[in-house]
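Trainee: Take these sequences, add in the hints, and give me the full structure.
Sequences listed follow chains A and B, in order. So the first sequence is numbered by numbering that gives the first Met the number 0: it starts at 0 and just counts up by one. So the second sequence is numbered by numbering that gives the first Met the number 0: it starts at 0 and just counts up by one.
Hints were generated in silico from the structure; no laboratory data involved. Any given hint could turn out to be false.
[As the list claims (entries may be wrong)] Okay, the calculated bits of chain A under chain B, using three or more residues with CB under 8 Å as the criterion:
id, stretch
1, 39-48
2, 52-64
3, 74-84
4, 107-116
5, 151-163
Because the structure is a prediction, the values reported are computed rather than measured. Just so it is clear, CB atoms sit at the ideal spot from N, CA and C, and this is done for glycine as well.
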Amino acid sequence: MDECPGKIVNHRVEKWPVRLLVLLLEAASAVALFALTVITCTDVFGRYLFNKPLTGSTELTELAVGMVVFSAFPLISWRNEHVVVDILDRFVSPTAHKIRTVVFHVCIAVGLVFIGDRIITLAERSLSYGEVTEFLAIPVGWMIYFFGAMCWLTAFMLITVGIYAVVKTTADTASTKPAE
Amino acid sequence: MDTSVLGFLILLTLIFARVPIGFAMAFVGFFGFAILNDYNWVSSLSMASRRIIDTSQEYSLSVIPLFILMGNLVTRSGLSKELYTASYTFLGHFRGGLSMATVVACGAFSAICGSSLATVATMSKISMPPMRRYGYSDALAAASIAAGGTLGILIPPSVILVIYGIMTQQSIRELFAAGFLPGALGVLLYLCAVAWTVWRNPEAGPKGDRTNARERVAALKGVWGTLLLFIIVLGGIYGGIFTPTEAAGVGAAGAFFIALFRRSLTWRIGCEVLIETTQTTASLFIVVIGALIFSNFITRAGLPDQLLGLVTAYDLSPLMVIFVLLGIYLVLGCVFESLSMLLLTVPLFYPMVETLGFDLVWFGIVVVVVTEISLITPPVGLNVFVLSGVLKDVKTATIFRGVTPFWFADIIRLLLITLIPAISLLLPNWLYH
Numbered sequence: 000m001d002e003c004p005g006k007i008v009n010h011r012v013e014k015w016p017v018r019l020l021v022l023l024l025e026a027a028s029a030v031a032l033f034a035l036t037v038i039t040c041t042d043v044f045g046r047y048l049f050n051k052p053l054t055g056s057t058e059l060t061e062l063a064v065g066m067v068v069f070s071a072f073p074l075i076s077w078r079n080e081h082v083v084v085d086i087l088d089r090f091v092s093p094t095a096h097k098i099r100t101v102v103f104h105v106c107i108a109v110g111l112v113f114i115g116d117r118i119i120t121l122a123e124r125s126l127s128y129g130e131v132t133e134f135l136a137i138p139v140g141w142m143i144y145f146f147g148a149m150c151w152l153t154a155f156m157l158i159t160v161g162i163y164a165v166v167k168t169t170a171d172t173a174s175t176k177p178a179e
Numbered sequence: 000m001d002t003s004v005l006g007f008l009i010l011l012t013l014i015f016a017r018v019p020i021g022f023a024m025a026f027v028g029f030f031g032f033a034i035l036n037d038y039n040w041v042s043s044l045s046m047a048s049r050r051i052i053d054t055s056q057e058y059s060l061s062v063i064p065l066f067i068l069m070g071n072l073v074t075r076s077g078l079s080k081e082l083y084t085a086s087y088t089f090l091g092h093f094r095g096g097l098s099m100a101t102v103v104a105c106g107a108f109s110a111i112c113g114s115s116l117a118t119v120a121t122m123s124k125i126s127m128p129p130m131r132r133y134g135y136s137d138a139l140a141a142a143s144i145a146a147g148g149t150l151g152i153l154i155p156p157s158v159i160l161v162i163y164g165i166m167t168q169q170s171i172r173e174l175f176a177a178g179f180l181p182g183a184l185g186v187l188l189y190l191c192a193v194a195w196t197v198w199r200n201p202e203a204g205p206k207g208d209r210t211n212a213r214e215r216v217a218a219l220k221g222v223w224g225t226l227l228l229f230i231i232v233l234g235g236i237y238g239g240i241f242t243p244t245e246a247a248g249v250g251a252a253g254a255f256f257i258a259l260f261r262r263s264l265t266w267r268i269g270c271e272v273l274i275e276t277t278q279t280t281a282s283l284f285i286v287v288i289g290a291l292i293f294s295n296f297i298t299r300a301g302l303p304d305q306l307l308g309l310v311t312a313y314d315l316s317p318l319m320v321i322f323v324l325l326g327i328y329l330v331l332g333c334v335f336e337s338l339s340m341l342l343l344t345v346p347l348f349y350p351m352v353e354t355l356g357f358d359l360v361w362f363g364i365v366v367v368v369v370t371e372i373s374l375i376t377p378p379v380g381l382n383v384f385v386l387s388g389v390l391k392d393v394k395t396a397t398i399f400r401g402v403t404p405f406w407f408a409d410i411i412r413l414l415l416i417t418l419i420p421a422i423s424l425l426l427p428n429w430l431y432h
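Mentor: Shown next, in the form of structure tokens:
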């Protein structure tokens with residue numbers, strides 16, 4: 000596994016309104032992850048110690064995973080922290096690197112607008128069918144709505160904060176990013 | 000030209016242009032799927048949306064955030080030193096013993112932490128100073144860290160095996176069981192690589208001090224919590240007590256208490272670990288979702304069938320095909336990050352491998368072992384570069400030179416695992432069939 004725990008996140012370009020959004024998103028994803036841990040543990044201990052598993056733990060787990068992923072999605076997108084192949088980086092000038100990052104941000108944003116639109120349509124359809132989870136009867140559509148909304152939010156953040164961050168980054172940090 | 004081949008070429012171009020891999024795969028998958036369906040954009044959008052919605056709520060993928068959380072908590076709790084001390088008390092007095100201790104500690108640490116790069120970065124700070132003090136050669140010392148860090152990718156709990164299981168619809172429990180013996184074999188062969196190096200050049204790794212039984216017990220006290228956690232998580236999965244998700248949840252909670260008990264967890268660090276985990280999780284999910292959209296396209300295009308046709312046309316023996324695939328992986332491994340390589344190629348290869356009569360659990364282990372090798376293969380083995388970034392005074396070339404015996408040990412392991420499927424399949428067959 001090649002994710003690198005402990006990577007340094009650059010908060011400096013993020014000022015007040017964005018900083019608030021960062022806090023919100025980080026809080027949402029962290030709480031969902033914590034809940035995920037608690038749900039699975041409660042289920043196991045309930046089942047083996049008290050012979051009483053947590054009702055609907057499977058569907059709660061699934062919801063928590065969706066929360067974790069999509070709350071963190073806008074953040075890692077505008078901070079450009081996706082998995083990339085960077086072996087050719089040393090042959091790319093800092094300016095070219097900036098230009099391509101902006102171009103990718105725009106393309107990805109456009110794609111996310113369309114996909115977000117489709118996801119929201121599917122969410123509406125699911126709500127109109129009255130689709131609910133099996134045990135706890137939670138309407139599935141709301142979660143799908145959330146995914147779609149987060150796609151749109153990501154698209155918006157990419158073309159605003161994302162591009163701003165690229166433009167603001169000084170040339171030397173853009174080219175000497177460590178390989179991950 | 001064939002749409003699917005063209006799709007692959009465009010995908011590779013995008014990836015090398017540094018488009019995030021998940022998005023590159025999703026884009027090519029989306030456009031390719033639409034073109035194959037007579038330019039029906041709406042159906043392609045729906046396909047992609049469904050993939051996003053379903054994958055983001057996939058129960059079996061919930062082990063990923065939980066295992067990463069466990070790994071991050073263990074990493075932060077500063078266990079690496081105790082793990083090294085414990086393995087040193089048992090192995091240190093052999094010739095090359097400090098390197099052997101490093102290999103074992105790296106294997107244990109990376110199995111729990113789940114990230115080979117984090118292992119290399121952490122263990123280099125712990126095990127490099129004593130090896131220098133005892134006069135170990137830089138090549139051997141650094142190589143044992145770089146190679147040792149690759150071990151944990153396969154040793155369960157392994158995130159990459161979970162993702163392989165999702166892509167190929169194989170049981171994650173069986174994959175975890177299958178990864179155990181090959182992982183242990185990896186440790187053993189690396190110890191042989193150390194022994195071989197010091198046999199050739201005794202100067203490279205002198206003996207350490209002999210320790211007595213009391214010191215060994217004391218050293219084990221430092222790691223019993225971690226060992227217990229490891230045994231509960233794996234034993235629980237193997238024994239059918241937990242599902243992998245539940246084991247991961249228990250593991251994460253256990254790691255939380257270990258960190259709390261060791262007083263290495265403040266409110267601030269706890270929040271940081273949670274946030275860091277969610278971001279790593281999200282970036283992994285994006286790649287997995289992209290790979291699934293892409294695999295819809297190449298399956299629709301019939302590329303796996305064409306590959307199979309090609310194999311039949313040339314009348315290749317099944318084992319020959321496997322060796323060709325291994326060759327492809329070794330080459331790709333020089334360029335790609337391991338998870339992306341796996342996601343890009345597995346949807347293409349696995350239908351063929353299955354039709355040829357191979358076990359997909361076994362194939363998963365083989366593929367993961369190859370990706371491990373790629374981490375220390377010159378010229379771009381990622382572990383070596385991370386290590387030379389941490390140890391500023393050791394040249395990359397020196398590490399690559401030291402890694403050579405380890406690399407050969409890995410190739411021997413790959414051959415053994417490929418030719419003797421029982422090494423992988425013994426444990427899952429015994430446990431679950």
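Trainee: Work down the list of hints and note, for each, if the structure agrees.
Mentor: These are the hints, each one checked on the structure:
1. 39-48: Since three or more residues must qualify, the claim that chain B covers the stretch 39-48 of chain A holds, with 5 doing so at under 8 Å.
2. 52-64: Result for this restraint: holds, n = 6.
3. 74-84: holds (count 7)
4. 107-116: holds (count 4)
5. 151-163: Violated, because only 0 residues of the stretch 151-163 of chain A bring their Cβ atoms closer than 8 Å to Cβ atoms of chain B.
The structure does not agree with numbered hint 5 stated previously, though it agrees with all others.
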